[in-house]
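Trainee: Quick note, the sequence shown lines up with residues 1 to 138 if you use the UniProt record's numbering.
Since the hints were made in silico from the structure, they are not lab data.
Predicted model only: the values in this text are computed from it and were never measured.
We put the CB at the ideal spot given by N, CA and C, even for glycine.
There could be a bad hint or two in this list.
Claimed, not checked - Label-pair distances were calculated between CB atoms; the ranges are: (1) Leu114 - Gly56: 14 to 24 angstroms; (2) Ser133 - Val8: 24 to 34 angstroms; (3) Lys57 - Ile18: 41 to 51 angstroms; (4) Ser133 - Glu47: 33 to 43 angstroms.
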Amino acid sequence: MSVVDVDVDELESMRLNILENLSQGEAAQKMGVHQSTFQRTLRRGLEKVTDALVYGKGISLEGGELNMPGGDGTGPDGNGPIGARGQGRRGGGNRPGRGAAAPQNCRCPSCGHLEPHQSGLPCSQSKCPECGSQMVRG
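When you get a sec, could you build the whole thing from the sequences and use the hints?
Mentor: Written as structure tokens, this is what we have:
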């Protein structure tokens with residue numbers, strides 16, 4: 001499988017402009033670059049992601065440290081390096097449809113407390129009733 005390399009600046013430009021809904025000028029200021037540089041970086045990132053989606057290529061993130069929103073290496077719904085090991089394009093993992101059910105619990109990464117997962121409510125939006133930490137899936 002072909003892979004498209006997206007660097008952290010390209011990813012950050014897409015995040016700021018698309019997910020945070022900042023204008024290119026505001027996003028450029030946040031990144032500490034000129035607006036023209038931001039615009040080129042954004043366009044390059046969007047072209048790479050579009051190429052990967054249209055032609056079925058993998059996406060590799062390169063060029064720096066990525067801090068995921070969970071603060072513990074996981075993304076907003078508890079997935080990532082901790083919660084989703086082995087679920088990449090080569091891994092297989094315990095994905096639904098592969099003979100294993102999806103995790104049905106939210107757990108606290110701090111104290112280990114488990115709560116049943118509520119469908120439609122990401123675990124990351126729940127606080128642990130024991131210690132108040134943000135819950136993760138699994």
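Trainee: Would you mind marking each hint as holding or not holding in the structure?
Mentor: Hint by hint, here is what the structure shows:
1. As the Cβ distance of Leu114 to Gly56 is approximately 37 angstroms, the hint placing it in 14 to 24 angstroms is violated.
2. Remark: the range hint 24 to 34 angstroms for Ser133 to Val8 is upheld by a beta-carbon distance near 27 angstroms.
3. About 20 angstroms separates the C-beta atoms of Lys57 and Ile18, a value inconsistent with the hinted range of 41 to 51 angstroms.
4. Distance hint for Ser133 and Glu47: a CB-CB separation of about 39 angstroms, consistent with the stated range 33 to 43 angstroms.
Of the numbered hints listed earlier, those contradicted by the structure are 1, 3.
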